[in-house]
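K.L.:
Chains A and B, in that order, give the protein sequences. Letter 56 of the first sequence, counting from 1, is numbered 56 in the numbering used here, and no numbers are missing. Letter 65 of the second sequence, counting from 1, is numbered 65 in the numbering used here, and no numbers are missing.
Simulated from the structure, these hints should not be mistaken for laboratory data. Everything numeric in this text was worked out from a predicted model, so none of it was measured. Note that the Cβ used here is the ideal one computed from N, Cα and C, for glycine as well. Check before you lean on any hint, since a few could be wrong.
Below are the DSS-like pairs computed for lysine-lysine, each with C-alpha atoms no more than 27 Å apart in a straight line [what the hints assert, rightly or not]:
{"hint": "1", "chain 1": "A", "residue 1": "82", "chain 2": "A", "residue 2": "95"}
{"hint": "2", "chain 1": "B", "residue 1": "413", "chain 2": "A", "residue 2": "188"}
{"hint": "3", "chain 1": "B", "residue 1": "441", "chain 2": "B", "residue 2": "413"}
{"hint": "4", "chain 1": "B", "residue 1": "44", "chain 2": "A", "residue 2": "188"}
{"hint": "5", "chain 1": "B", "residue 1": "432", "chain 2": "B", "residue 2": "405"}
{"hint": "6", "chain 1": "A", "residue 1": "82", "chain 2": "A", "residue 2": "212"}
{"hint": "7", "chain 1": "A", "residue 1": "212", "chain 2": "B", "residue 2": "308"}
{"hint": "8", "chain 1": "A", "residue 1": "84", "chain 2": "A", "residue 2": "11"}
{"hint": "9", "chain 1": "A", "residue 1": "188", "chain 2": "B", "residue 2": "405"}
{"hint": "10", "chain 1": "A", "residue 1": "169", "chain 2": "B", "residue 2": "419"}
{"hint": "11", "chain 1": "A", "residue 1": "188", "chain 2": "B", "residue 2": "441"}
{"hint": "12", "chain 1": "A", "residue 1": "139", "chain 2": "A", "residue 2": "178"}
{"hint": "13", "chain 1": "B", "residue 1": "44", "chain 2": "B", "residue 2": "441"}
{"hint": "14", "chain 1": "A", "residue 1": "188", "chain 2": "B", "residue 2": "415"}
{"hint": "15", "chain 1": "A", "residue 1": "9", "chain 2": "A", "residue 2": "93"}
{"hint": "16", "chain 1": "B", "residue 1": "415", "chain 2": "B", "residue 2": "308"}
{"hint": "17", "chain 1": "A", "residue 1": "95", "chain 2": "A", "residue 2": "141"}
{"hint": "18", "chain 1": "A", "residue 1": "37", "chain 2": "A", "residue 2": "82"}
{"hint": "19", "chain 1": "A", "residue 1": "11", "chain 2": "B", "residue 2": "25"}
FRET-style restraints, in silico, Cβ to Cβ [stated by the list, open to error]:
{"hint": "20", "chain 1": "B", "residue 1": "113", "chain 2": "A", "residue 2": "208", "range": "45 to 55 Å"}
{"hint": "21", "chain 1": "A", "residue 1": "215", "chain 2": "B", "residue 2": "1", "range": "14 to 24 Å"}
{"hint": "22", "chain 1": "B", "residue 1": "1", "chain 2": "A", "residue 2": "128", "range": "49 to 59 Å"}
{"hint": "23", "chain 1": "B", "residue 1": "424", "chain 2": "A", "residue 2": "73", "range": "46 to 56 Å"}
Under 7 Å between C-beta atoms, here's a sample of chain A residues computed to sit facing chain B [claimed, not checked]:
{"hint": "24", "residue": "33"}
{"hint": "25", "residue": "155"}
{"hint": "26", "residue": "156"}
{"hint": "27", "residue": "184"}
{"hint": "28", "residue": "187"}
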Amino acid sequence: MADADHFDKLKQSIIDQDEDQVLAAVNAALDDGVEAKAIIDQGLLPGLNVIGEQFECEDIFLPELMQAALAFQAAMVILEPKIKEQGAAGEKKGKIVLGTVKGDLHSIGKNILKLLYETSGFEVWDLGIDVDLFQFVDKAKEVDADIIAMSALLTTTLIGQRDVIEALKDQGQRDNFKVIIGGGATTKEWADTIGADGWAASAYEAVTLSAKLVS
Amino acid sequence: MIDLIEVFDRAETGPLTSETDYYMKRYVPKLAEVIARHKVKWDKETIINTDDTLTDGVFEAAVDLIAEAGAYCPETNRVMQFTRDEIVVASQECPKATTFGERREQKVMRGRRPDTTDDRPWVHVGGGIYTTDEQVFVDTVEKMASFNIVDSVSVPSILHLRGKDSRVRSPQEILSACKTVRLAREGIRRSGRAGLPIINGISAASQPASMFAATYPEFGLRPSDGFLIDFLSEMVVGYEALQKVAFYNSISANIGSTSTPLFGGYAGGAEGVAVTATAYMIMGNLIFRGSYHYNAPLHSKLHLSSTKPLIWAIAMSNAAIGRNMQYPMVNLPYLGGGSGTKQYHYEMACYMLAVVTSGGNVFSGHPAMAVQSDSLIPDDHKFHAEIGLAASNLTRAEAEPLAQKLFPLFGDKLKDPDKGLTFQEVYDMQTKRIVNAEYQKAMDEVREELAGMGLEVPVS
């Protein structure tokens with residue numbers, strides 16, 4: 001089978017959100033000598049781009065997005081060791097430290113963003129919900145993150161986003177990371193008030209914004 | 001019905017699972033299965049469903065979903081499981097009527113059936129919109145409570161303490177919660193209706209300690225008010241919710257089981273939201289021992305509830321419960337347009353036509369995308385309550401063509417809604433009379449347009 005045919009199959013298997021089909025397509029491509037990095041860049045990621053567009057247009061929803069992401073992650077378990085063997089470093093768009101701020105237990109918006117980041121080629125450290133402000137700072141320093149992304153749904157938890165920026169300033173780290181915020185309680189005005197680098201109204205916008213910030 | 005301690009024990013004894021596995025191996029696949037099993041399908045055009053084979057299929061799907069997926073307790077990482085019999089008994093034994101308020105203002109909210117045109121629904125107004133100023137807060141509550149068609153109010157939030165916002169879980173939040181209740185009761189007293197119930201107890205409290213503190217008699221909330229206890233989306237029953245259940249059941253207070261299934265989230269699209277919203281109402285009695293339900297499905301990206309698939313799903317969940325449980329329900333509409341705009345009124349009219357004819361009670365909504373501080377404008381809520389009462393004279397079949405005429409008036413604006421007004425921009429701050437002529441004109445014109453469509457909305 002020609003490489004182009006393998007790429008079409010890989011792409012379609014991701015669009016179909018079928019993990020078995022994805023793994024079969026990956027193994028078939030490897031057996032035919034297609035490089036692991038090409039399988040990702042020309043097969044799986046184009047499929048994930050389609051999934052992202054379908055999600056944005058409401059043709060599919062979070063469960064389908066998750067199925068596609070899980071299929072992609074299963075493929076990566078096979079492909080990552082091959083990439084290392086072949087000495088081709090996997091290229092990521094950027095490193096994101098993500099979480100819902102202290103006191104806020106809402107997770108769905110943050111989980112959607114995590115999936116969209118991963119399917120768009122970012123490397124994500126998801127700190128979860130109710131995240132202590134120093135966890136954001138420490139993890140960003142530890143992994144040399146490009147962006148700290150914070151979500152807050154409740155008006156009473158917005159302050160947590162401001163506190164992270166304040167802690168970054170106190171530690172002389174503010175210029176080392178871009179900080180973006182989102183979530184139901186946030187606004188562009190709030191982002192400006194606390195000195196964030198950006199605000200996104202939706203998860204999709206957050207990914208687009210992040211891509212601009214790291215470019 | 002299984003007793004409450006047994007319900008709490010289910011959070012300690014169910015199967016262990018991670019949150020991701022709960023969603024990907026239980027909730028999501030089971031939701032898809034029950035939707036297919038009961039042939040739940042939205043045709044992408046209908047706003048108000050009239051096919052009751054479909055309605056009852058949604059109810060059966062909701063029962064199956066609870067039985068097969070259970071609820072998830074994040075503190076114990078366990079699935080709370082219930083048998084189908086336990087679920088059916090809880091649905092059969094739910095309250096059909098709940099008494100709110102004190103003395104002359106004591107009234108009964110009833111569970112309604114779809115297409116009931118000969119009863120007056122419960123009329124609830126207000127919302128938890130943030131206010132910046134104590135005077136605006138008290139004036140807003142006083143004005144809403146003074147409308148004679150109103151049976152209960154939701155009061156705004158006031159989180160300022162000595163000029164600063166209170167942080168979640170802080171001691172200041174407890175003081176803000178207590179202050180909110182004191183000021184709300186003062187506003188209601190000033191309206192001359194001291195016994196009128198507050199049924200969003202309470203918007204300024206994020207933690208059980210704040211709610212419990214504000215329940216202390218000194219501050220003015222009463223068991224005959226309504227206390228909201230929410231499911232964390234989707235199907236999550238946290239310890240904080242169960243702590244509130246334990247306390248408010250112990251003082252025999254009215255509990256408003258509250259849910260916000262997300263369109264575009266784990267629940268998926270219209271069908272998943274309809275089934276999940278219905279499941280929450282059953283679990284509201286089964287797990288929370290609710291006295292009424294606060295149904296608030298929301299779009300995950302737009303943060304509003306007035307898209308066509310969402311209005312269909314919300315109306316469907318009302319009809320499913322109305323036909324099979326008659327659990328008293330109000331629906332919290334989150335609208336795109338800002339306060340006082342024509343878009344806001346059109347959205348509300350479409351939503352009211354759908355939910356009130358499907359068995360819901362009347363609840364005025366509030367702006368979501370275009371929300372701003374102090375934008376709870378009482379006369380909007382009076383107008384919307386009047387629309388709800390007018391809608392209660394119609395059947396679903398009569399309401400559907402009106403909803404179809406209204407939707408094009410706002411559907412394309414939902415992503416970029418019209419901006420609205422604040423309390424201070426509408427009223428004279430001394431007399432509290434409407435002084436904004438454009439505001440009054442927009443409302444009058446929409447009232448005329450609705451009459452032209454066949455929905456007469458009398459001024460109360």
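K.L.:
For each hint, tell me whether it holds in the structure or not.
P.N.:
We went through each hint and held it up to the structure:
1. With a C-alpha separation of about 22 Å, the suggested pair residue 82 (chain A) and residue 95 (chain A) falls inside the 27 Å cut-off, and the hint holds.
2. Restraint check: the Cα-Cα separation between residue 413 (chain B) and residue 188 (chain A) comes to about 20 Å, which is no more than 27 Å; the hinted pair holds.
3. For the hint linking residue 441 (chain B) to residue 413 (chain B), the alpha-carbon distance of about 21 Å falls within 27 Å, and the restraint holds.
4. Simply put, residue 44 (chain B) and residue 188 (chain A) have alpha-carbon atoms about 33 Å apart, too far for the 27 Å limit, and the pair is violated.
5. This hinted pair does not check out: residue 432 (chain B) and residue 405 (chain B) have alpha carbons roughly 34 Å apart, beyond 27 Å.
6. Simply put, residue 82 (chain A) and residue 212 (chain A) have alpha-carbon atoms about 30 Å apart, too far for the 27 Å limit, and the pair is violated.
7. Of the supplied pair hints, the one linking residue 212 (chain A) and residue 308 (chain B) is violated, its CA atoms being roughly 33 Å apart against a limit of 27 Å.
8. At roughly 23 Å between alpha-carbon atoms, residue 84 (chain A) and residue 11 (chain A) fall within 27 Å of each other, so this suggested pair holds.
9. Distance hint between residue 188 (chain A) and residue 405 (chain B) is unfulfilled; the C-alpha atoms sit about 34 Å from each other, more than 27 Å.
10. The straight-line distance between the Cα atoms of residue 169 (chain A) and residue 419 (chain B) is roughly 35 Å, outside the 27 Å bound, and the hint therefore fails.
11. Restraint check: the Cα-Cα separation between residue 188 (chain A) and residue 441 (chain B) comes to about 31 Å, which exceeds 27 Å; the hinted pair is violated.
12. As the CA atoms of residue 139 (chain A) and residue 178 (chain A) are separated by approximately 14 Å, the hinted pair is consistent with the 27 Å bound.
13. Taking the CA atoms of residue 44 (chain B) and residue 441 (chain B), the gap is near 34 Å; set against the 27 Å cutoff, the hint is violated.
14. For the hint linking residue 188 (chain A) to residue 415 (chain B), the alpha-carbon distance of about 16 Å falls within 27 Å, and the restraint holds.
15. Restraint check: the Cα-Cα separation between residue 9 (chain A) and residue 93 (chain A) comes to about 24 Å, which is no more than 27 Å; the hinted pair holds.
16. Pair hint residue 415 (chain B) plus residue 308 (chain B) holds up; C-alpha atoms about 13 Å apart against a cutoff of 27 Å.
17. Only pairs whose Cα atoms come within 27 Å are accepted, and residue 95 (chain A) paired with residue 141 (chain A) is accepted, the gap being roughly 11 Å.
18. Annotation: proposed proximity of residue 37 (chain A) to residue 82 (chain A) holds, straight-line Cα distance about 9 Å (limit 27 Å).
19. A C-alpha spacing of about 24 Å is found between residue 11 (chain A) and residue 25 (chain B), which places the hinted pair at or below 27 Å, so the restraint holds.
20. Distance hint check for residue 113 (chain B) and residue 208 (chain A): the Cβ-Cβ separation is about 47 Å, which falls inside the suggested range of 45 to 55 Å.
21. Hint check: residue 215 (chain A) to residue 1 (chain B), Cβ distance near 59 Å, so the stated range 14 to 24 Å is violated.
22. Judged by the Cβ atoms, the range 49 to 59 Å given for residue 1 (chain B) and residue 128 (chain A) is violated: they are separated by roughly 35 Å.
23. In this structure the supplied range 46 to 56 Å holds for residue 424 (chain B) paired with residue 73 (chain A), their Cβ-Cβ distance being about 52 Å.
24. Taking 7 Å as the C-beta contact cut-off toward chain B, the hint placing residue 33 (chain A) at the interface is violated, the least distance being around 34 Å.
25. Because the closest C-beta pair between residue 155 (chain A) and chain B is about 6 Å apart, less than 7 Å, the hint holds.
26. For residue 156 (chain A), the interface hint holds, the least distance from its beta-carbon to any beta-carbon of chain B being 4 Å, beneath 7 Å.
27. The beta carbon of residue 184 (chain A) is positioned within 7 Å of a beta carbon in chain B (closest approach about 6 Å), and the interface hint is therefore held.
28. Restraint check, residue 187 (chain A) versus chain B: the minimum CB separation of about 9 Å is more than 7 Å; hint violated.
Consistency note: the structure conflicts with the earlier hints numbered 4, 5, 6, 7, 9, 10, 11, 13, 21, 22, 24 and 28.
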